[in-house]
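Chemist: Chain by chain, the residues run as shown.
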Amino acid sequence: MTVATYPVTAPVVGPALKPRLRHHHFLLAVALLLAVLVVGLTAGAVLSRPTPTACHFSCGPDVGRQYLSPTAYVSSAFGYRVQYDARAFTKSNASSSGVQLSTRDGSGVLIISSAAGSDTQSLLQLSINKINSNVIQDVQAVGQLPGAEIGEVQGVGWVYTGTFVPPNGGQSLPVTVIDVAASHAGVTIGALAIGPQDLSSVANLPFGLANAQELDQPLTETLWAARP
Amino acid sequence: MSATADEGLMTGSLICAHCGQSVPPGTFCGFCGAHLHEEKGRRRLGHFAASPSEHVLRTALISTLFPHLMRRHAHVFRETFAGGALLVLVLAALRLYTPALLLAAALLPVLYLLYVHEAEVWERRPLSALLATFGVGLLLGVGYSLGFGQLITPSFAGTEQGPLLSGILLPVVAQLAMVVGPSTLLWRKDLDEALDGLSVGVMSAFGFVFASVVAGYWHNLTAPLVGQAAVSSDQILNILRVAIIGAVVSASTTGLVTVTLWLRRHGRGRGLQKSILLQPAAMVFVALLAQVGLGLGSYFLSSLLAVVALWALGAAALLMALRVVTHLALLEEGAAHVIAPSSPCSECHMVVPSMHFCPHCGAARSAAPKRFRPDLEVVR
Ligand SMILES: [Zn+2]
Ligand SMILES: [Zn+2]
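Residue numbers (numbering that gives the first Met the number 0), protein chains in the order written: chain A, 0 to 227; chain B, 0 to 379.
Hints were generated in silico from the structure; no laboratory data involved.
Positions of the beta carbon are idealized from the N, C-alpha and C atoms, including for glycine.
Take these hints with a grain of salt, some might be off.
[What the hints assert, rightly or not] SDA-like, lysine to any residue: derived pairs with alpha carbons at most 25 Å apart: (1) B/K369 x A/A15; (2) A/K129 x B/L309; (3) A/K17 x B/E119; (4) A/K129 x B/L236; (5) B/K369 x A/H24; (6) B/K369 x A/F25; (7) A/K90 x B/L163; (8) A/K17 x B/F80; (9) A/K90 x A/A114; (10) A/K17 x A/A28; (11) B/K369 x A/H22; (12) A/K129 x A/G142; (13) A/K17 x B/E122; (14) A/K17 x B/L60; (15) B/K39 x B/H17; (16) A/K17 x B/G82; (17) A/K17 x B/I61; (18) A/K90 x B/F299; (19) B/K39 x B/S52; (20) A/K129 x B/L163; (21) A/K17 x B/R124; (22) B/K273 x B/E37; (23) A/K129 x B/S301; (24) B/K39 x B/G270; (25) B/K369 x B/F80; (26) B/K188 x B/V283; (27) A/K129 x B/N219; (28) A/K17 x B/E78; (29) B/K273 x B/V285; (30) A/K17 x B/F371; (31) A/K17 x B/V75; (32) A/K90 x B/P162; (33) B/K273 x B/E53; (34) B/K273 x B/A16.
[Unchecked claim] Restraint ranges, calculated between C-beta atoms of paired labels, are given here: (35) A/E148 x B/A81: 52 to 58 Å; (36) A/V12 x B/G270: 34 to 40 Å; (37) B/S302 x A/S47: 31 to 37 Å; (38) A/L31 x B/E37: 41 to 47 Å; (39) B/L175 x A/S95: 46 to 52 Å; (40) A/Q153 x B/L304: 36 to 42 Å.
Full structure from sequences and hints, please.
Modeler: Given below as structure tokens:
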């Protein structure tokens, strides 16, 4: 065991030890460093902002050809038929009243649902509520969708924007969400289309849904049980 | 030899019941840091070794991650952090999404840079330590976001990548990447204390998280500067989750690994505190488990609010775990019995014999700002 002796000292308060940076120098340094980082990176982000291509004469969508596709989802509850190109979509979550079609590259999804009656508003709401708020955040309405249509039946639709946030890191990106519903002969069909937002191509304007035409195809090709 | 319980009566010496050393009378043992008059004095959970006026079992950001700060100076950091977080909300209210996210991401790294400067944490060659931690963290953070951003094709309805990739693989890769920079410093002789391990681990994690947030959110940052709609509460929650809570989580997990790794590598343990919490392998396991748990939670929970709550709870628990491990490491660490002429303690400002711990307030002298540390000489 070590036996040490210690200087006998009265308990005294020592000199105040001064911080290296004085208070206002510290605050100045924090403010300066944060300002440089925030302003610098903001400037970089603003300068590298993609500019949308201007639209002159033919902004209309390129209407695809009509075809009777051999691949189709048929609702056993309401008898309507959603035809789609199997080379472009994979089918999942099929039930008696709805189905999910995902583009092969996973970048776009179309969720079809249906209900008895003619309440398009509540089906619109039901569709938008299906969005996983953890993955697609900050869904905000942009405006009404003019000319919403499912299988040649006039409907109603809304356009939303949101941010896709991968749950565990990786790049987040802006997305466009289109929510439409149409009612005919006692059946209401709803469709929710989600895809990355891309304002750089004229074809995607005005809402910038990158795979708008691809996702629109099955809706155009939907056949109602009672033909309109 | 006489000993009384009277605080500060520095006459003679007494034998510490916990370590058996002859130490100056006082409230704490200057050698092993034990409380001399309390029942469970050996671990003294009521007095955090880096800041004895605080309990060990609490969630405290500044005194846990910034332990070298003097108590009288720590409040400046605390208030600046709170002010910065408030400014993030103000920017968001002004619809300035990009500056709000960038400020949130830069706040903790900037405070840590100033802490390293203020307390001279890396006395000699601070620049190379900074490059190896913050610099390497930045590079790996950008690489992580851009590289794995390609792996995650946006699958909006959820489960195409499966929980294996985004819930398990990515969090594990991120955690390992944050240890890469610090491990290059493991052999540096001037960074040989447990608190050096803490500071390099935390700095590396802050660099990594900052870079991965900026790179990962670049698409959002390039949106028009003033948004058309108000920044929603969703966006504010998400900013706080990824930039601030995420940084605290990663700093804590990385700190758990580096503190124990440093204690083991530099062989400065004294066998006083035997705990599984000081085993590097156990802390690597805890760090990975925490990251994977939060990763899977974020994957399966479908409400943003629930995810933010989960991360906040995780950050609080991890901060407390890091505090316990740091406390035990400070009590465990030391060389032989050392003594030097009396010097003022930077925590309680009393002039006390210079030992591992201040006999008056129990602060670990190794947690003082480095320029106020007495040169302890070994008595054999
Ligand atoms: Zn002792
Ligand atoms: Zn003291």
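Chemist: Output the numbers, in ascending order, of every earlier hint that fails for this structure.
Modeler: none
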